[in-house]
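J.: Based on the hints, put chain B in the right spot on chain A.
There are 2 protein chains.
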Amino acid sequence: MTSLPRRLSILLLAAWLPAWAALAADAPPPMIGFAAQGVGAEAALEGRFDALLDARDMRAWLERMSSEPNHIGAPHDKANAEFMLEQFRAWGWDAAIETFDVLYPTPRRVAVDLVGPHPYHALLVEPPIAGDRTSARTKGALPPYNVYGADGDVTADLVYVNYGMPDDYKELARRGVSVKGRIAIARYGAGWRGLKPKLAWEHGAVGCIIYSDPRDDGYGAADAYPAGAGRPAQSLQRGSVADMPVYSGDPLTPGIGATKDAPRLERAAATSLLKIPVLPMSYQDARPLLEALRGPRAPGTWRGGLPFTYHIGPGPARVHLVVQSDWALRPVYDVVARLEGSAYPDQWVIRGNHHDAWVFGADDPLSGNVAMMAEMKALGALKASGWRPKRTLVYASWDGEEAGLLGSTEWVETHEKELAAKAVAYVNSDSNSSGLLGAGGSHSLQRLVNEVAAGVKDPSSSASVLARARAAAILDARRGGRDADRRLARSLLDGGDLPLDPLGSGSDFTPFLQHAGVPSLNFGFSDDEPGGVYHSIYDSFDHYVKIEDPDLRYGVALAEVAGHTMLRLADADLLPLRTQDFATTVARYVEEVEHYAEGLRSETADMHRLLDEHVYELAATGPDVVGPPAREADVPFLNFAPLRNASAALSASAQTFDAAYAAALADPARLTPARVGAVNETLRRAEQSLLGADGLPGRPWYRHLIYAPGLYTGYGAKTLPGVREAIEERHWAEAADYTIRTAAALDAYRRALDAATVALR
Amino acid sequence: MTSLPRRLSILLLAAWLPAWAALAADAPPPMIGFAAQGVGAEAALEGRFDALLDARDMRAWLERMSSEPNHIGAPHDKANAEFMLEQFRAWGWDAAIETFDVLYPTPRRVAVDLVGPHPYHALLVEPPIAGDRTSARTKGALPPYNVYGADGDVTADLVYVNYGMPDDYKELARRGVSVKGRIAIARYGAGWRGLKPKLAWEHGAVGCIIYSDPRDDGYGAADAYPAGAGRPAQSLQRGSVADMPVYSGDPLTPGIGATKDAPRLERAAATSLLKIPVLPMSYQDARPLLEALRGPRAPGTWRGGLPFTYHIGPGPARVHLVVQSDWALRPVYDVVARLEGSAYPDQWVIRGNHHDAWVFGADDPLSGNVAMMAEMKALGALKASGWRPKRTLVYASWDGEEAGLLGSTEWVETHEKELAAKAVAYVNSDSNSSGLLGAGGSHSLQRLVNEVAAGVKDPSSSASVLARARAAAILDARRGGRDADRRLARSLLDGGDLPLDPLGSGSDFTPFLQHAGVPSLNFGFSDDEPGGVYHSIYDSFDHYVKIEDPDLRYGVALAEVAGHTMLRLADADLLPLRTQDFATTVARYVEEVEHYAEGLRSETADMHRLLDEHVYELAATGPDVVGPPAREADVPFLNFAPLRNASAALSASAQTFDAAYAAALADPARLTPARVGAVNETLRRAEQSLLGADGLPGRPWYRHLIYAPGLYTGYGAKTLPGVREAIEERHWAEAADYTIRTAAALDAYRRALDAATVALR
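Residue numbers (the working numbering), protein chains in the order written: chain A, 522 to 1282; chain B, 522 to 1282.
It is worth saying that the hints were derived from the structure and are not from the lab.
Hints are not guaranteed to be accurate.
[Claimed, not checked] Derived DMTMM-like pairs (lysine to aspartate or glutamate); straight-line CA-CA distance at most 25 Å:
#: 1; chain 1: B; residue 1: 978; chain 2: A; residue 2: 997
#: 2; chain 1: A; residue 1: 978; chain 2: B; residue 2: 1134
#: 3; chain 1: A; residue 1: 691; chain 2: B; residue 2: 1048
#: 4; chain 1: B; residue 1: 691; chain 2: A; residue 2: 997
#: 5; chain 1: A; residue 1: 978; chain 2: B; residue 2: 1133
#: 6; chain 1: B; residue 1: 691; chain 2: A; residue 2: 1049
#: 7; chain 1: B; residue 1: 978; chain 2: A; residue 2: 1133
#: 8; chain 1: A; residue 1: 691; chain 2: B; residue 2: 1049
[To be verified] Calculated from the model, a selection of chain B residues having no Cβ within reach of chain A, i.e. all distances over 12 Å:
#: 9; residue: 578
#: 10; residue: 661
#: 11; residue: 690
#: 12; residue: 754
#: 13; residue: 755
#: 14; residue: 864
#: 15; residue: 941
#: 16; residue: 990
#: 17; residue: 1237
[Said to hold, decoys possible] Derived coverage of chain B by chain A (criterion: at least 3 residues anywhere in the stretch with Cβ under 8 Å from a Cβ of chain A; other residues may be distant):
#: 18; segment: 992-1002
#: 19; segment: 1048-1062
#: 20; segment: 1127-1134
Here the structure is a predicted model, which means the values were calculated and not measured.
For each residue, glycine too, the CB sits at the ideal point set by N, CA and C.
This is chain A alone, in the form it adopts within the complex:
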């Protein structure tokens, strides 16, 4: 049912397609980093590369690799690694499997029972669905669980905490409800899963349940699979609850590779491990628990899609929650392949996607992995025809991403020095679907991505993938409605570059970008469908080809976007960075943070007046008792001058550098090996100057001072995180400290640009 209208939509789109959105087939595409005379050859190379991509390959690999469970330790996950190793070698790559030993608990016993007022035993089982073949072949799959939750056997009253995010606890407090000594039940969404039990624990809860509310990814969004993309009643979302915003990778070896003999922490000392038991749940299982809650009504925005009035509790719903795990070290298998550069073998352009999954993982992660494999096969064929990249290509299929970016993190930690000396960039992908290109990453790569995306045809139309993504960004910005949104919509309509999303976390770019300072990108196509099979057994091959990308055409598009990006990074005369994009983006972030602080200051002052004048109490009506919000500390005026000065200087230097860079490429006689070597080495290391020696407050593993996953958002990015989060958390001294540190990092980056400008003269 779903694919028919999608095809209709495609036909309509093709008919409506405007001239401006079509690919300009004749005009030579601009290529940042290439001297003009090299552009034609590179475009021809990309044409040959594209012709070697085969959707049928991808479909066959996808079906094979998603045929059995693929979690860490599953025989089939290892078999997939070995299958890839064999393929990569057959395609002419220098490949090997690199193994790490990571702490990976697997459940021995999990159970949730409502013990009162009406008993209910949670099924915690996803039944077979007709037409989804692997859903009946779950032998070897782990029971549903949240990895890195603590062992425990607790019985306590239940409290509904909405999404379980910090603001939700403020609302609970206004209603006089605490989770202390109780079990919190949170719905998935609005923030990184691992924050939900962590915050519950910080507020005193003894256990946590995370369920999928039908309003968010079930029938409230779409008909249940197989009719549509919605989550079936008994489906549940597995997932890691490691405290990933503190550090990713093996909980026992933060900062160092989990090699066989690496020194390891005691489990008790591993700060990324959760302290209470937690389990995921379907809405069918959650319903009797939620329906048994009384106490205050949930606030309006807390109410989900189940057909009753949501209450907060505590109780009378009383729950017995058991998690017992086998806390073993287990191996993860990274498959790493190299195609050596002809000119600059010690400059590495790195590409990655993970291969482990929660169960079958056809979408997450294998849809992205097979696109990467197609790139490798095509590059191997180009190599066989005599071509070599100028720089070395490193392609990796990571293991253990789902548990907490284990395979990629351990590899980066193991090779940290080598990466500092050699890495040019890292290009990541993960799940892929049909629809619109999503692109995030280091903003110095923004122009490169726009040029690449302008040259890749959207499979559903004759437009480029850039034209479609830009159109969606225009409509998104218009929906936003703020001044900044209006400016963005206007800029995009006027042909301005599509901005890259800043990267937070949630996939394997994190150790590269935020720990090692390697400029990184993340690509993937998606529509706005609810992802109702995410981390369930129904993320299957049958699901993928029915609902996501029937002919793997968007798999081909991903391989083109990522492959062209890799080729240009590998072959460009000067590394394809446009530093003004980074500088203007940073300037915007500085403005944002300053604006945020100013808003917080006036908002806090207003709030104090409302509290002093008891406005909340006077305005309260209705049967629920809702007290005033808690009083927050006054916000002082903060000194943003260091950031402003650093940002202004950076903008000036970037402008000068980019002009010198363009001038050099326009006059290839000036591109002497000495000049090119000096400039590229300086550019290659520039992003590393954005790392802070001590990392971010409370989380030294995260060293990037411009991009980080939010401590209280998880996947969501925080930019200028040291400063921004200090203000959000009202740590004024820390905000002042990180204003200085961040300004220093920007100054270091700026000095690198100045040096590169000198080198170009």
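T.: Okay, now just chain B, sitting in the frame of chain A:
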């Protein structure tokens, strides 16, 4: 269950109460219109009035009057009129019943059947609920229906149209779905009920169903009655579907009183009558119909609270809808009582509330009616003690409001000339509950209302009802987030007057204000609970004293607010209007309309660019086919200068007048009978100068050029309606025409003020 937490909340509020919000018992209250030496006597009079109000009276009347069905033609509705007549006379009022004969169809047969793909016969019955005594005593109640829907017997495919408002049809069009030849099913909410079938008919539908979605007033908002204030599964909302925004009152006698011998239109010529059959429905009955729909998914904001994915159709759900009515003329009984003024018997201060109901009507309307009765009893007792109002008090309990303001409209139309010559103001109430004072009306009365509300104690605290309403308005404005909202929040925090809401329609003030130009007010207390028994059999005495206002304490508060307002209007030396409040409000409306036109112009230009560049098609993803929005006409620059000039002149004149008014009151020697007579007569007629001779575009019955119910909102007010709606509907010539007409009305009002200023010299 509900009343316990509410009491808790009250206790907390009392404990938290700040000094500034308490009633200042010692300071003499300001009283607009009174010379300083009269203020003490008036305050003492109000104290005596308050002491005569008795909640036990109200409770007894409420129980008696809501004991049987009270629709037009029901024996008990007539009995209530006769009971009141008897009481009013016993309390010393000169009272009579005035009867009109109105077209009032009652259903002989109503039925809804889902005939395919799975048959379902709609129950259309509200069953008894334990603890709600009258719910088992519905003998004599009419079957559920929407009065003034057409007769019909139709079978057609079903289409879900969300709230059935104009924008919903635009979304349907983007999905290629039409209601032509089909039956539309709309949910209650977002606009006047009568617009739903009217718009369905205008789009070609042959029938309409209006159901109560649980998300809006059912379990999505509160536990179902009797546990909470939510609508039970089988409960449904009756109501009128007359085209009230065109004219209110008897459909056969627009503009003239429906007396026995009045000339009457043929039914076919009555433009307020709907052209297709329509029925209301519970969500239990609607569920099988909605669940059987396929076709495109409903857009996100269209999805209600039923536990499945909402689709639009058309079909395969196919519905058979039957409505057959008895189209008889029936009598309505207005009970009208007078207490003659001692000084100015020909100046009438009018008060009204209706007494008819859809079934028992304890809340709607009897809760307001019994408060009005308590005022009358207290005023009668004051009269018995020798007091007389200076001006004549006219109190009326209207019949037939529910069907379309029949009793009040016919009375106003019958007495139109007398009202023009005598009416000072009209004060309305209707349903009343506990919580916050809501006040709407003519803005020249804004200061009076603020002064009155500052002097009435909130029953749940020691604050004034003004302090509580102001607190809620501050929080509301903060939630709004626009610049105008921020300015309002700041002004309120700084002690500025609480603005009156502009009046649209939905109760008996409409014929007074919008047809006859009588300055009007509407009062009522409410909380933010969902009103899940509205227009159902569960709007009962048992419900009222369990959920709404257990001890009728807010009934007393309403009687105090309305009673004090009436007393001050009756006794003031100069009529208590502050014309600057009107002038500044009009200036704000003029700004708003101009801002709206400017926004519409730039938004339309942007939209044309998006359409030209096919942005919508390029951004479309997902399985549903959603085309671009329809192209709207360009917006020209409009000439707002006439309105600006009239508004500026009005502001200047109002300032001058208010100064002269204050000076005269400060020097009572100047208040000679001749001066007072001239000024009051000019002030009394000022609002009438805001009527346009030809009324509003397409609806000459609505003559007020500043306030009207929106043609496409119904109850919701449109200010400067001739101009605003012309712009909204893109009728540019009409906008220009009504800019001139509205400016002329403001000029006429301004000239009246100038004349009054001269008279005061």
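J.: Take the hints in turn and mark each one as holding or not.
T.: Each hint, compared with the structure:
Restraint check for residue 978 of chain B and residue 997 of chain A: not satisfied, since their Cα atoms lie roughly 49 Å apart, outside the 25 Å limit. Taken as a hint, the residue 978 of chain A and residue 1134 of chain B pair is honoured in the structure, with Cα atoms around 18 Å apart against an allowance of 25 Å. Our distance criterion of 25 Å between C-alpha atoms is met by residue 691 of chain A and residue 1048 of chain B, whose separation comes to about 23 Å. For the hint pairing residue 691 of chain B with residue 997 of chain A, the CA-to-CA distance comes to about 20 Å; that is within 25 Å, so the pair holds.
For the given pair, residue 978 of chain A sits about 21 Å from residue 1133 of chain B by alpha-carbon distance, which is consistent with the 25 Å threshold. In summary, the hint linking residue 691 of chain B to residue 1049 of chain A is supported, as the alpha carbons are separated by about 21 Å, within the 25 Å threshold. With a C-alpha separation of about 21 Å, the suggested pairing of residue 978 of chain B with residue 1133 of chain A holds against the 25 Å cut-off. As the CA atoms of residue 691 of chain A and residue 1049 of chain B are separated by approximately 21 Å, the hinted pair is consistent with the 25 Å bound.
With a minimum CB-CB distance of about 26 Å to chain A, residue 578 of chain B clears the 12 Å threshold, and the non-interface call stands. Under the 12 Å C-beta cut-off, the non-interface status given to residue 661 of chain B relative to chain A holds; the minimum distance is some 33 Å. Here residue 690 of chain B stays apart from chain A, with its beta-carbon at least about 21 Å from theirs, past the 12 Å limit. Some Cβ of chain A comes within 12 Å of the Cβ of residue 754 of chain B; the nearest lies about 10 Å off, and the non-interface call is violated.
Even its closest Cβ contact with chain A, about 14 Å, leaves residue 755 of chain B beyond 12 Å, as expected for a residue assigned away from the interface. No Cβ of chain A approaches the Cβ of residue 864 of chain B within 12 Å, the least distance being about 39 Å, so the stated non-interface status holds. Interface exclusion of residue 941 of chain B from chain A stands, the closest Cβ pair being 40 Å apart, more than 12 Å. Non-interface call for residue 990 of chain B relative to chain A: violated, since the shortest CB-CB distance, roughly 9 Å, does not exceed 12 Å.
Once the 12 Å rule is applied to beta carbons, residue 1237 of chain B is consistent with being away from chain A; the minimum gap is 21 Å. Coverage of the segment 992-1002 of chain B by chain A holds. Counting CB-CB distances below 8 Å, 5 residues qualify, and the rule asks for three or more. A stretch counts as covered by a chain when three or more of its residues have a beta carbon under 8 Å from one of that chain; for the segment 1048-1062 of chain B and chain A the count is 3, and the coverage holds. Here's how the segment 1127-1134 of chain B fares: 5 of its residues keep a CB closer than 8 Å to some CB of chain A, so the rule of at least three is met and the hint holds.
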